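Colleague: Spelled out from the first residue to the last, the chains are:
Number of protein chains: 2
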Amino acid sequence: MKIAVDAMGGDHAPAAVVRGAVRAAEEGLAEIILVGDASAIERELKALPATKKLEVVHTEQVITNEEPPALALRRKREASIALATRLVKEGRAQAVVSAGSTGAQMAAALLILGRSGNIQRPAIATLLPTLQGPKLLLDAGANVDCRPEHLYEFAHMGSLYASKILGVSEPRVGLVNIGTEAAKGNEVTLAAYQLLKEAEINFVGNVEARDLPRGVADVYVCDGFTGNALLKFGEGLAEAFFIKIQSEVNKSFTARLGAALLLPTLRRLKREVDYAEYGGAPLLGVQGISIICHGSSDERAIYNAIRVAVRCVQERLVESLGLLPRINSERKKVEDWQG
Amino acid sequence: MKIAVDAMGGDHAPAAVVRGAVRAAEEGLAEIILVGDASAIERELKALPATKKLEVVHTEQVITNEEPPALALRRKREASIALATRLVKEGRAQAVVSAGSTGAQMAAALLILGRSGNIQRPAIATLLPTLQGPKLLLDAGANVDCRPEHLYEFAHMGSLYASKILGVSEPRVGLVNIGTEAAKGNEVTLAAYQLLKEAEINFVGNVEARDLPRGVADVYVCDGFTGNALLKFGEGLAEAFFIKIQSEVNKSFTARLGAALLLPTLRRLKREVDYAEYGGAPLLGVQGISIICHGSSDERAIYNAIRVAVRCVQERLVESLGLLPRINSERKKVEDWQG
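Heads up: the protein sequence lines correspond to chains A and B, in order. Quick note, in my numbering, the first sequence goes up one by one and the last residue is 556. Quick note, in my numbering, the second sequence goes up one by one and the last residue is 556.
I should point out that these hints are in silico values taken from the structure, not numbers from a laboratory. None of the values given here were measured: they were computed from a predicted structure. One thing to keep in mind: the hints can contain errors.
Any copy will do: because identical chains look the same in the list, a pair fits if it lies in one copy or spans two.
[Stated by the list, open to error] With a cut-off of at most 27 angstroms between alpha-carbon atoms, the simulated DSSO-like pairs for lysine-lysine come out as follows: (1) Lys306 / Lys461; (2) Lys219 / Lys270; (3) Lys293 / Lys401.
With the hints as extra help, turn the sequences into a complete structure.
Modeller: Below you can see the structure in the form of C-alpha cells.
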C-alpha cells in the first residue's frame with residue numbers, strides 16, 4: 218500500500234511531516250510517497266536514521282492557508298496537495314495525507330477524486346475526546362450551510378466509519394441540538410430529526426451540546442458551522458484552562474507544590490484532549506481516502522494520520538461509502554414535513 | 218425600587234429563591250415581591266432570620282420546563298411567571314427575575330411586555346467566563362433561526378448593555394465565526410459581517426470560537442442555536458474536566474496529595490466558570506427588565522440576578538434600548554448584497 222503525503226502542508230512542514238512519514242515507513246505501515254520540494258525533503262531525510270527508502274515526487278508549488286482554495290488550485294496545478302491527490306486518482310497511491318490548507322485539500326478531493334456514490338456533501342469526521350473515549354463528530358467544517366438531508370448523509374457516513382474503522386458495533390448516532398426533545402432545535406435540526414428517526418441506523422435522538430463531553434453517543438452529527446465552532450471552542454477552552462491553572466499556581470507556594478505533584482496527571486489529561494493523539498480527520502464521501510490533519514500537526518499527528526489512512530484503505534472504506542443508499546426518497550419526506 | 222421574583226421557578230425553588238431574595242432585601246438592594254404559592258413561601262420565610270418584610274403575591278399555578286411555553290401561558294394565566302411579568306407591565310414592579318422555564322419567561326415577556334422600540338428579535342445576553350474576565354455573549358438561545366439583520370440588532374443591544382451595565386467603554390463587538398477573515402462563514406454570518414462593518418459600534422470583525430475563552434472582544438454575537446450550543450458545551454467540558462481530574466487523581470497517592478494542595482486553586486477556578494457567580498441573563502429588547510436565571514440556580518445565583526436587575530433599572534436600560542435606530546435602511550443593504 219502506498220500513501221501520498223503532502224510534505225509541504227502545515228505549520229511545521231516539511232520537518233515534522235517528513236519525520237512522521239519516516240516513522241510510519243520504518244514501522245512498515247505503508248510505503249510513503251512524499252510530495253513537495255525535493256531538496257527540502259531530501260535535507261530532512263538525510264538528517265534521519267532511516268533504513269527504508271521513501272519515494273519523493275518533486276514540485277515547487279504550494280497552496281497556503283491565505284489563498285482562496287478553488288482559485289489557488291486552478292492556478293497552481295502542480296501544488297503539492299493537487300499532485301498528491303492526483304496520485305490517488307491515478308491509482309499510484311491509495312490515500313493522501315495533508316496538514317496544509319483544509320480548503321485546498323477539500324477542493325482537490327472534490328475536483329480530482331469526485332464525490333462517492335450517492336453522497337451529495339462530503340464531510341470532515343473528527344474525533345472529540347470524551348469521558349468515554351474519543352467519539353466521532355461530523356461535519357467538522359466542510360459544509361457551513363446544510364440542509365436536513367445533508368445531516369442525514371453525515372449520520373450514515375459517520376455510522377459506517379464508526380463501525381468499520383473505529384470498531385464500534387451498532388454505533389449510537391446523535392443529532393447535536395439545543396435540547397433532547399424532538400420538538401427542540403432550529404429549522405434544519407427539526408427536519409433532520411424527522412429524517413433520522415426513520416433511518417436504518419442506530420439513531421438515539423437529539424444530544425445536547427452539554428452532554429457531548431460525556432460521550433452519550435458514538436457519532437455526533439451537526440452542520441459544519443456548528444461542528445467547527447464547537448471543536449475550536451473546545452480547543453480554546455482547554456488552552457485557557459491550562460493557562461489559567463499555570464497563572465493561579467504561581468500565586469502560592471502550596472499550589473505550586475500541588476501542581477508539581479499533579480503534573481503527570483495534568484500532562485496525561487492534556488495529552489488526552491490533544492488532537493495530535495488522534496491523527497487526521499477523514500474527508501468522508503469522496504472517491505478516495507483523503508486525511509486532513511490539523512495545521513499545527515507534529516510528527517506524532519502525521520504518523521497517526523497515516524495510520525488512519527492505512528486503516529481506511531484496509532477496510533475498503535470508499536467502496537462501502539459508495540454503497541450507501543440514495544436519499545431521494547427521504548428528501549421527499551422532508552418536503553412533505555416542511556410543507 | 219421593586220423587583221418581582223418568581224418564587225416557584227428553578228430546580229431549588231422555592232427554598233433557594235426565597236433565600237436569595239431575602240438576602241437582597243436585607244442588603245437593601247431593592248424591595249422584593251415574591252410570586253408563588255404563599256404557604257410554601259411563608260414556610261421558607263419563617264425559617265430565615267429576616268428584618269425586612271417581603272411582599273408575597275399568591276398563585277398556585279406554575280409552568281414547568283416540560284410544558285410547551287406559549288400554550289402553557291395561555292392555559293395558566295395565573296402562573297407565577299405570568300403574574301410576576303404582569304407586575305412589571307402594570308408598573309407595580311420594575312423588573313422580574315425567574316429561574317423557571319426559559320421558554321415561558323420569554324413568551325411572557327414578549328406577550329405581556331412586548332418588544333422594545335425597533336427591536337425585531339429580543340435576545341438573551343449571557344456572561345461567558347474568559348481569561349480577561351466575563352464577556353457578553355448573545356444570543357444565548359432565544360432565536361434559533363436568525364437572519365443577518367437579527368445579528369446586527371444583537372450587536373447593538375450587546376454593545377449598549379456592555380457599556381451601560383458592565384461599564385465597558387466602547388465595547389469591542391465580535392461576530393462569532395469559523396475564521397477571522399471577512400470571507401469566512403455561513404450565509405448568515407457572511408451577510409451579517411457586511412452589515413456590521415458599516416454599523417456605528419466598535420465592530421472588531423469575526424472572532425473564532427477558539428479565541429472566545431481568551432476574551433478577544435467584549436461582546437460576542439451569534440445566533441441563538443450557536444450561542445446555546447457553545448455555552449452548554451463549555452459547561453459540559455468544565456464538568457467533564459473536573460470529573461476526569463477526580464478520577465485520575467484517585468489513581469495515585471502523589472496525585473492525590475497534589476490535588477489536595479491544589480484544591481483551593483481548583484475551587485477558585487470552578488467558581489470562576491460557575492454561572493451562579495454572574496447572576497442572571499437579561500432578555501434584551503423587551504419593554505421591561507426580565508432576568509433569566511439558570512434552572513439550577515442556588516441562593517447566590519438568585520441574589521446576583523437581583524443585583525443585575527437593579528442595575529438595569531438604575532441605568533434605565535429599557536429606555537436606551539428603545540432608542541436604538543431602526544434597521545430598515547441596513548436591511549436594504551443586505552438585500553443588495555445578497556442579490
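Colleague: Each hint should be assessed against the structure and marked as holding or not.
Modeller: Now the hints, each set against the structure:
Within a single copy, Lys306 and Lys461 get their C-alpha atoms no closer than 47 angstroms, and across copies no closer than 44 angstroms, so neither meets the 27 angstroms cut-off. For the identical chains of this complex, Lys219 and Lys270 are intra-copy neighbours only, at 13 angstroms inside a copy versus 80 angstroms across copies, given an alpha-carbon limit of 27 angstroms. Taking identical chains as interchangeable, the C-alpha atoms of Lys293 and Lys401 lie at most 27 angstroms apart only when they sit on different chains, with a minimum of 22 angstroms there against 46 angstroms within one chain.
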